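Numbering follows this note's numbering, in which position 246 of the sequence shown is assigned residue number 259; successive positions increment by one, without gaps.
Don't read these hints as lab results, they were simulated from the structure.
One thing to keep in mind: the hints can contain errors.
[Unchecked claim] Across the chosen pairs, the derived CB separations fall in these ranges: (1) H111 to E306: 21 to 27 Å; (2) D56 to T177: 44 to 50 Å; (3) H111 to D72: 30 to 36 Å; (4) P272 to A175: 45 to 51 Å; (5) R357 to E306: 47 to 53 Å; (6) K220 to W360: 39 to 45 Å; (7) A283 to G311: 23 to 29 Å.
[Unchecked claim] List of simulated lysine-lysine pairs, DSS-like, C-alpha gap at most 25 Å: (8) K67 to K40; (9) K166 to K320; (10) K220 to K248; (11) K40 to K353; (12) K248 to K216; (13) K248 to K67.
Here the structure is a predicted model, which means the values were calculated and not measured.
Beta carbons: idealized from backbone N, C-alpha and C, even for Gly.
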Amino acid sequence: MPVTVGALRERAPYETRVSLVPEVADKLAQAGARVLLERGAGDRARFPDVLYSKVEWADSDAAVLEQSDVLLTVQPLTVEQIGKLRPGSVVIGFMQPHAKAAEVRALRDRGITSFAMELVPRISRAQSMDALSSQAAVAGYKAVLIAANHLEKFLPMLTTAAGTIRPAQVLVIGAGVAGLQAIATARRLGAVVEAYDVRSATKEQVKSLGARFIDTGVTAEGAGGYARELTEEEKRRQQEVLDGRIAAADAVITTASVPGRRAPLIVTRAAVERMRPGSVIVDIAAEQGGNCELTRAGEVVDHNGVKIVGPVNLPGQLAYHASEMYSRNLFNFLRPALDKGELRIDWSDEVFAQSCLTHEGRIRHEPTRNALEPAQSPAASSPPGGGQS
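Please put together the full structure from these sequences, using the hints given.
Below, the structure written as structure tokens:
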């Protein structure tokens, strides 16, 4: 019997993406899988049902949950939805294990094998599966457009009959995937861009995109390539330089976040109060508590004429391309486990082993297990068994 791969219409607030786009549904069918989709699953991402030519349709999420051997999701399933899954089935998607304790326990207790896309190892051959990076790129791009929309200035320099308009000054804090995309987008729109990251190793990447790297005179590099803890004096010096550049910026894009933890506080109230009225801060990390002290997720805060925007689910605001990228990530993850239409997971593959959250009634991700099962015996920490499943 061919494996049944299912996908749902996402129901979480603000979620417009779909986990399975027509292109990827066709590829799964060509790989021998039976593809089952809930009607209307792609509507909000602008993929109407008529575009899916090689799928079977279900009229409810329950029908998909009950029949799927492998379920592809964007947002984590609810406890109620997990209860409708067949024991032993597989779920692949974002799991948010640090925030979804009840859901992780439900996956464990139901005997579901779950793979968290945020746990895919950052290795070369897994780059095509790196959903965190693909969605961060969307967020970085959209954040600049939001800043431009709220800013009461042009971004590029303009020469007009009424005189020359100077370009806007944009500061991007954090030079990861989202930050680099924000830098590139702001530069394309004609802004003068500065960027800052605690890792001085990102300096060349920033400069290659045409931005100026802010050198605070403090480096966090330590032995073995790891970041070291800064002294209080270094932190003070670093913040002093950064606050000066924040005050000079027309728009600030903050992108610093750590999966599973509160976002680091970088922009203080005092720093905001030094900014010119009409300036804008777009805080990509709003859902993780925000990089700015005044950020409120899902709101636009006006503080002394400075707007602090706390967008929620930025990838969902570009649902069409975000869905295409994410769906390809899922396909690239799943494809090695499909053998002539049957599911065969090679547990010796580090991608599967390291991204596994639950399997055979156990929580396999050690940090999550330690948080939810602190008294569990060491035996539960063993990786999934060798061979294939």
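Indices of hints not satisfied (ascending): Hint 13 contradicted; others consistent.
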